Amino acid sequence: MNRAYINSTRMKKDNHMNRRLTYILTLLSLSFLLGSCDDEIVLIGESVTKLSNDCIKRTLPYAPNIAGEEIEFAYAMALPADLGKLTSAQVVASIPGADGTRFDPNSYHTNASGVDIPVRVASESTTSGSTTSIQFTVDTCASTLRYYYVVPEQAKGQEITFTFSVKASNGQTAEYKMGPYKISKMDMTRNVTLSNGANCYLSFQEESQAVKVYSASEVAANPSLVSKIDIVYAYNSNADLTHGFFAAGSPEAYRPGVVFPSGFSNQTKLIKEYGLRDRQLSNLQYSHFIDDLDFQELSMEGAQNYILVLKEEGGAWIETGDGRYRAFVFVNSAPANGLTISVKRYKM
Amino acid sequence: MKKNIYFIILIPLLLFSISACNNDFPIDEDGLLITDRAECYVSNFELLDTDHQTIRVGNSYIDTLAQVAIAYVRFGSPLNKLWPQISLCEDAKLTPKIATVNGWTDFSGSKMTIEFQAGDWSSGNATTQLSERIVANPSAFPTTAKKYTVISGNRKIKKEYTFLIVERPLQ
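Listed in order, the protein sequences are those of chains R and B.
In terms of the numbering used here, the first sequence opens at residue 1 and continues consecutively.
In terms of the numbering used here, the second sequence opens at residue 1 and continues consecutively.
Keep in mind that the hints were calculated from the coordinates and are not lab data.
This one's a predicted model, so the numbers in the text were calculated from it and none came from an experiment.
Cβ atoms here follow ideal geometry from the backbone N, Cα and C, with glycine treated the same way.
A hint or two may mislead.
Calculated lysine-lysine pairs in the BS3-like style (CA-CA distance at most 25 Å, straight line) [unchecked claim]:
hint, chain 1, residue 1, chain 2, residue 2
1, R, Lys-167, R, Lys-50
2, R, Lys-167, R, Lys-177
3, B, Lys-111, R, Lys-269
4, R, Lys-212, R, Lys-311
5, B, Lys-146, B, Lys-158
6, R, Lys-167, R, Lys-269
7, R, Lys-212, R, Lys-57
8, R, Lys-311, B, Lys-81
9, B, Lys-93, R, Lys-269
So the derived label-pair ranges between C-beta atoms look like this [what the hints assert, rightly or not]:
hint, chain 1, residue 1, chain 2, residue 2, range
10, R, Gln-296, B, Gln-171, 50 to 60 Å
11, R, Glu-159, B, Lys-147, 23 to 33 Å
12, B, Thr-64, R, Lys-182, 53 to 63 Å
13, R, Ser-208, B, Thr-149, 21 to 31 Å
14, R, Glu-175, B, Asn-102, 45 to 55 Å
15, R, Ser-262, B, Lys-111, 27 to 37 Å
16, B, Asn-80, R, Ser-208, 29 to 39 Å
17, R, Asp-322, B, Gly-103, 26 to 36 Å
18, R, Leu-60, B, Ile-34, 45 to 55 Å
19, R, Asp-322, B, His-52, 45 to 55 Å
20, R, Thr-140, B, Asn-102, 36 to 46 Å
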């Protein structure tokens with residue numbers, strides 16, 4: 001009885017196994033059949049038969065391009081290996097770049113941890129006038145080079161275009177145009193330290209410098225500088241005062257112990273701000289940008305001639321007494337007795 | 001059984017929809033409901049500087065009987081460009097309105113000068129003693145002080161409040 005039962009279950013199991021095997025075999029043969037059809041490699045798009053190139057702007061598109069700052073591009077070029085290799089690349093900017101305009105001689109690839117790894121492919125780039133060029137030193141048929149354009153002073157308020165081009169050993173060339181890009185009229189100065197009673201006189205009238213700080217001793221030695229001072233910075237340990245900016249005519253009651261240099265008369269207008277965190281002024285934190293338009297459309301109505309209790313990440317809109325310059329001062333840090341500020345300035 | 005359940009669901013639904021139709025409050029010229037609430041008072045008074053941060057120290061003092069609201073502000077706060085926020089009781093509204101866009105208002109006329117006495121300030125905040133003394137003497141209010149009128153939910157009661165600002169001594 002027992003044995004008979006075992007036999008019958010074994011037979012059932014064998015049946016099962018057989019059926020499963022047939023299934024697997026059929027499936028396998030089917031999949032092989034399908035696979036065999038796909039044997040030919042199909043090219044998506046047209047095959048590349050000549051030197052080709054592409055370019056992207058790596059600097060954020062909505063960030064204002066400011067004189068003295070870099071605009072970064074990545075220029076990619078390649079040709080089929082059997083046609084030859086890359087020999088040289090160049091960029092012609094419509095306005096010659098300032099010192100520091102260059103090609104990075106490295107090509108980069110990203111490793112598994114997301115880090116850019118440089119591979120040297122070319123000699124140092126040379127810039128003469130508006131042309132920056134580079135010679136490839138390794139046998140390569142594909143490369144991406146980074147190009148840094150330092151915005152020159154004379155480009156302010158203008159538009160700029162770039163023509164990238166590449167030459168290959170087989171004589172072929174390719175060209176890629178980028179732009180136009182608007183160059184801001186603003187000046188920017190970052191991370192300037194102010195200190196109570198010493199580096200405390202701010203001027204927004206200096207040519208191509210968003211803010212110039214004069215020290216008390218400089219002004220004492222050269223009284224003609226007084227006419228350039230727009231704001232006096234002072235620190236007071238009282239909680240109601242702390243870090244303050246004062247223009248001529250600010251109430252004496254609100255600046256105890258602050259003595260203006262004699263002849264200080266600039267009626268600078270100030271509007272207090274907080275939390276307007278410009279990416280460029282805050283050393284690449286946050287994602288807001290103050291652009292030319294903000295200065296153009298700014299209303300200075302209700303402006304004061306003093307500001308008290310300036311805090312970190314606070315700031316001030318400023319208009320010089322003669323109305324020729326507007327500026328935004330961002331407070332990077334505010335320890336006792338001093339401030340670190342970054343400034344964007346716009347000439348009206 | 002099934003029919004019963006239908007009735008149980010349907011009847012309250014009908015009742016609800018009827019009552020909903022009957023609840024139609026009229027709407028005033030600002031598109032706000034005119035309700036039957038008769039309360040009419042200011043519950044808070046806040047002032048923001050151009051940096052959208054408060055200039056107030058401690059709580060504002062509101063006397064609903066004398067219809068006066070006093071904000072105590074930091075020493076040295078400029079008052080010519082402030083964004084006021086006035087909280088009201090439920091369903092009430094304010095006139096003149098504070099704009100929702102560009103609501104900057106010149107409050108320098110509301111600044112009250114008063115001789116401080118001992119006990120007026122405690123750790124930088126005004127005491128009730130000071131608030132009560134200010135309210136008790138309406139003749140000392142600046143004539144240029146800002147005034148806003150609160151209108152009750154039923155739009156039948158109107159109360160004009162005087163808004164004062166007192167600058168605290170240097171802290």
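Now for the hints, and whether the structure bears them out:
no.: 1; hint: Lys-167(R) x Lys-50(R); in the structure: 11 Å, holds
no.: 2; hint: Lys-167(R) x Lys-177(R); in the structure: 15 Å, holds
no.: 3; hint: Lys-111(B) x Lys-269(R); in the structure: 22 Å, holds
no.: 4; hint: Lys-212(R) x Lys-311(R); in the structure: 21 Å, holds
no.: 5; hint: Lys-146(B) x Lys-158(B); in the structure: 16 Å, holds
no.: 6; hint: Lys-167(R) x Lys-269(R); in the structure: 56 Å, violated
no.: 7; hint: Lys-212(R) x Lys-57(R); in the structure: 32 Å, violated
no.: 8; hint: Lys-311(R) x Lys-81(B); in the structure: 20 Å, holds
no.: 9; hint: Lys-93(B) x Lys-269(R); in the structure: 36 Å, violated
no.: 10; hint: Gln-296(R) x Gln-171(B): 50 to 60 Å; in the structure: 39 Å, violated
no.: 11; hint: Glu-159(R) x Lys-147(B): 23 to 33 Å; in the structure: 54 Å, violated
no.: 12; hint: Thr-64(B) x Lys-182(R): 53 to 63 Å; in the structure: 57 Å, holds
no.: 13; hint: Ser-208(R) x Thr-149(B): 21 to 31 Å; in the structure: 55 Å, violated
no.: 14; hint: Glu-175(R) x Asn-102(B): 45 to 55 Å; in the structure: 50 Å, holds
no.: 15; hint: Ser-262(R) x Lys-111(B): 27 to 37 Å; in the structure: 32 Å, holds
no.: 16; hint: Asn-80(B) x Ser-208(R): 29 to 39 Å; in the structure: 35 Å, holds
no.: 17; hint: Asp-322(R) x Gly-103(B): 26 to 36 Å; in the structure: 31 Å, holds
no.: 18; hint: Leu-60(R) x Ile-34(B): 45 to 55 Å; in the structure: 52 Å, holds
no.: 19; hint: Asp-322(R) x His-52(B): 45 to 55 Å; in the structure: 29 Å, violated
no.: 20; hint: Thr-140(R) x Asn-102(B): 36 to 46 Å; in the structure: 59 Å, violated
In summary, the structure is inconsistent with hints 6, 7, 9, 10, 11, 13, 19, 20 from the numbered list given earlier, while agreeing with the others.
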